[in-house]
Amino acid sequence: MRPATPLLTAEDLTVGYFGRKKMPRPVAGSLRLALWPGELVCLLGPNGAGKSTLLRTLAGLQPPLGGQLRLGDQELATLNAPARARQLSVVLTDRVDGGNLTGHELVRLGRHPHTGWLGSLSAHDEAQVQAALAATGTAGLAHRPVGELSDGERQKILLARALAQDTPLILLDEPTAHLDLPNRVALMRLLHRLARQTGKAILLSTHELDLALQAADRVWLLSAEDALRTGTPEDLVLSGAFAAAFAREGLAFNPATGTFELHAPTGPPVQLVGDGAAAFWTRRALEREGFVPTAAPAAWRVTATLDPARWTSRLAGGPEYSHNTMSALLRALKPTSTP
Amino acid sequence: MGRSAAWLLVLLLLVGLGFVLDIALGSVAVPLPAVVRILLGQPGEADTAAWEFIVREIRLPKALTALAVGSGLAVSGLQMQTLFRNPLAGPSVLGLTAGAGLGVAAVMLASGSVAGSLAIRTLGVGGSWGLVLAATAGAALVMGLVLALAGRVRDNVVLLIVGMMLASVTGALVSLWQYFSAPEQIQEYLLWTFGSLGGVTGSHLAVLASVVAVGLGLAFSSAKSLNALLLGENYARSMGLVVGRSRLLVILSTSLLAGSITAFCGPIGFVGIAVPHLTRALLRTADHRALLPASCLAGAALTLACDCIAQLPGSQTTLPLSVVTSLLGAPVVLWVVLRRQNIRSSFS
Numbered sequence: 001m002r003p004a005t006p007l008l009t010a011e012d013l014t015v016g017y018f019g020r021k022k023m024p025r026p027v028a029g030s031l032r033l034a035l036w037p038g039e040l041v042c043l044l045g046p047n048g049a050g051k052s053t054l055l056r057t058l059a060g061l062q063p064p065l066g067g068q069l070r071l072g073d074q075e076l077a078t079l080n081a082p083a084r085a086r087q088l089s090v091v092l093t094d095r096v097d098g099g100n101l102t103g104h105e106l107v108r109l110g111r112h113p114h115t116g117w118l119g120s121l122s123a124h125d126e127a128q129v130q131a132a133l134a135a136t137g138t139a140g141l142a143h144r145p146v147g148e149l150s151d152g153e154r155q156k157i158l159l160a161r162a163l164a165q166d167t168p169l170i171l172l173d174e175p176t177a178h179l180d181l182p183n184r185v186a187l188m189r190l191l192h193r194l195a196r197q198t199g200k201a202i203l204l205s206t207h208e209l210d211l212a213l214q215a216a217d218r219v220w221l222l223s224a225e226d227a228l229r230t231g232t233p234e235d236l237v238l239s240g241a242f243a244a245a246f247a248r249e250g251l252a253f254n255p256a257t258g259t260f261e262l263h264a265p266t267g268p269p270v271q272l273v274g275d276g277a278a279a280f281w282t283r284r285a286l287e288r289e290g291f292v293p294t295a296a297p298a299a300w301r302v303t304a305t306l307d308p309a310r311w312t313s314r315l316a317g318g319p320e321y322s323h324n325t326m327s328a329l330l331r332a333l334k335p336t337s338t339p
Numbered sequence: 340m341g342r343s344a345a346w347l348l349v350l351l352l353l354v355g356l357g358f359v360l361d362i363a364l365g366s367v368a369v370p371l372p373a374v375v376r377i378l379l380g381q382p383g384e385a386d387t388a389a390w391e392f393i394v395r396e397i398r399l400p401k402a403l404t405a406l407a408v409g410s411g412l413a414v415s416g417l418q419m420q421t422l423f424r425n426p427l428a429g430p431s432v433l434g435l436t437a438g439a440g441l442g443v444a445a446v447m448l449a450s451g452s453v454a455g456s457l458a459i460r461t462l463g464v465g466g467s468w469g470l471v472l473a474a475t476a477g478a479a480l481v482m483g484l485v486l487a488l489a490g491r492v493r494d495n496v497v498l499l500i501v502g503m504m505l506a507s508v509t510g511a512l513v514s515l516w517q518y519f520s521a522p523e524q525i526q527e528y529l530l531w532t533f534g535s536l537g538g539v540t541g542s543h544l545a546v547l548a549s550v551v552a553v554g555l556g557l558a559f560s561s562a563k564s565l566n567a568l569l570l571g572e573n574y575a576r577s578m579g580l581v582v583g584r585s586r587l588l589v590i591l592s593t594s595l596l597a598g599s600i601t602a603f604c605g606p607i608g609f610v611g612i613a614v615p616h617l618t619r620a621l622l623r624t625a626d627h628r629a630l631l632p633a634s635c636l637a638g639a640a641l642t643l644a645c646d647c648i649a650q651l652p653g654s655q656t657t658l659p660l661s662v663v664t665s666l667l668g669a670p671v672v673l674w675v676v677l678r679r680q681n682i683r684s685s686f687s
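Heads up: the sequence lines are chains A and B, in that order. Under our numbering, residues 1 to 339 are what the first sequence spells out, in order. Under our numbering, residues 340 to 687 are what the second sequence spells out, in order.
Worth double-checking, as some hints may not be accurate.
What the hints assert, rightly or not - Computed spacing ranges between beta-carbons, pair by pair:
hint : chain 1 : residue 1 : chain 2 : residue 2 : range
1    : A       : Ser150    : B       : Ala511    : 44 to 54 Å
2    : B       : Leu486    : A       : Arg20     : 18 to 28 Å
3    : B       : Leu486    : A       : Glu75     : 29 to 39 Å
4    : B       : Pro522    : A       : Lys22     : 48 to 58 Å
5    : B       : Trp674    : A       : Arg144    : 19 to 29 Å
6    : A       : Thr115    : B       : Pro522    : 26 to 36 Å
7    : A       : Arg20     : B       : Gln526    : 43 to 53 Å
8    : A       : Ser150    : B       : Gly490    : 50 to 60 Å
9    : B       : Trp468    : A       : Ala177    : 57 to 67 Å
10   : B       : Gly341    : A       : Gly140    : 19 to 29 Å
11   : A       : Ala127    : B       : Leu486    : 55 to 65 Å
12   : A       : Ala131    : B       : Trp674    : 35 to 45 Å
13   : B       : Leu488    : A       : Asn254    : 54 to 64 Å
14   : B       : Ala511    : A       : Ala244    : 38 to 48 Å
Claimed, not checked - For lysine to any residue, the following SDA-like pairs were computed, each having C-alpha atoms within a straight-line distance of at most 20 Å:
hint : chain 1 : residue 1 : chain 2 : residue 2
15   : B       : Lys563    : A       : Thr115
16   : B       : Lys563    : A       : Asp166
17   : B       : Lys563    : B       : Gly541
18   : A       : Lys334    : A       : Ser313
19   : A       : Lys21     : B       : Lys563
Claimed, not checked - To spell it out: a stretch of chain B is covered by chain A in this simulated footprint if at least three of its residues, at any positions, have a beta carbon under 8 Å from a beta carbon of chain A; those stretches are:
hint : region
20   : 579-590
21   : 597-610
For the record, the hints were derived by calculation from the structure and aren't laboratory data. We put the beta carbon where it would ideally sit given N, CA and C, even for glycine.
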């Protein structure tokens, strides 16, 4: 069940830059978008498709080249800066260290649009700051200088600042960049949980396709040539739109595994018999070596069992060999496959 | 009591101490109790009329000028460092100081001599309306240019370069003038560049004090905006700050402060760059609601201290103030920066 009105809508939106002599240079056009409360949306697309430009335009940081952009039922352009700041908050890729700022002071800055001209925080403001620190698990960073935080910690404290701004919409530009895998997973999990618990709409651009496909409620797929495609990640994968968007970058997306193919097949097909984790990891190892694992009978036949860990290999017409480790199996296969 | 409040109190005490000392010291030493009595308007019997005259007519105006100069330069430096997110920014980055210099040079060239070396040496820069007006005109010209460009330029880094180029051009014009001038004229100009607090009395002091008060008022009203600007322009904009308007206010405030102070006292280096670093290190905060008043007080205290040293207690000569601020200020900043190491990470 969706609420009646989206938080943000765009009709026929064109984003881009003004170049020399105010000539518009569109990056992406004819965009039709809507963001609903409580959903986590990932903006995906190859480099240069205009993800950052779109995000900055939605945040009001740069004007659209054409089309309509509405926050609730108001045109974004007609909102003054403080009113807009009470509707949407951002986490950008801009470097932030701001002389001497502590985590707590940084999060307090999020209350900027809600305080008076002196910027003094009321008890309610301070409560919001504490709630944002708690929700992001950053209370422990409150008294450390922002300049000394790790990338992951800084990203979380910047998210806390956006939360403290208390807006129904949060936009994040590549929040997972520069983070290691555990931090990327933790951040995506946190964003997903926040969207569900707080009813905020969270839009983020990312290069983490695997994570985005798992965490996103919906995906906005921006590609350099085609129009924007939106939908649940699964719909986009199964319809082939996802594979098409990245095909031009020379990346082959495998809908069966949900991953991009790292290894181009160069070797012969191998019939793989087995199931569960044993079969999965054996498949990965075979693909890495260039074989093409299939279920159909082939010259090579490999079986895999997990408990006890055991592999067999047999070339058509030859004897069957037994192996105790994956590396032994690969050694047995390799001599015949290398040209 | 927080760390900031404690330091504000300490700095306030230092300003009071420096103020009284600055009045007491000089070629004629006035005992401290007599200084306090005269300042409170209750001269004792032992106090001579000469002391009263020296304190009221010469040293009190000079100490008040030091207050205005120190607080004004420090606050404008703090604003520039935050606006440009650059630890090397100071009141002179917008080219105002160079503009004032150009004004003075132009008048000296046109009239042959305005004040005369002797007058500058004895009365100080502020003693001559001609020099003050010339410097004001020069600073105002540059300020007008900077304000006009600030409205058109969106990027602060571009604006910083514009300011530096303006300073460079005006500096070059002054050098050109010096190249074709007689040595006496150059010496006069050189004396102006040393800076001095003397001679700003009566109506001069009233004008300087009011302009500085307006500039400080503008700066204090920008505290919230300056805090938002700590995260850079994009974040500031996303938090509801109208960046263009806030930037104009900050530039206007800095122009008034740096322009008027340079016009009345000549270029006084270093206070503007050093004091903000000093206060950030002492208070360990980035909150401008604390940094602004603290810079004010620290700037005033440092300038008073430098003026005390410039008197060379017990001697008849006074040193150029600019020289003293640099000699005293540079080691202080070096100490602060080397102790903290991470100064670069304090700015983006």
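- Query: Looking back at the hints listed earlier, which ones does the structure fail to meet?
  - Reply: The structure conflicts with hints 6, 8, 11, 14, 17, 19, 21, although it agrees with all the remaining ones.
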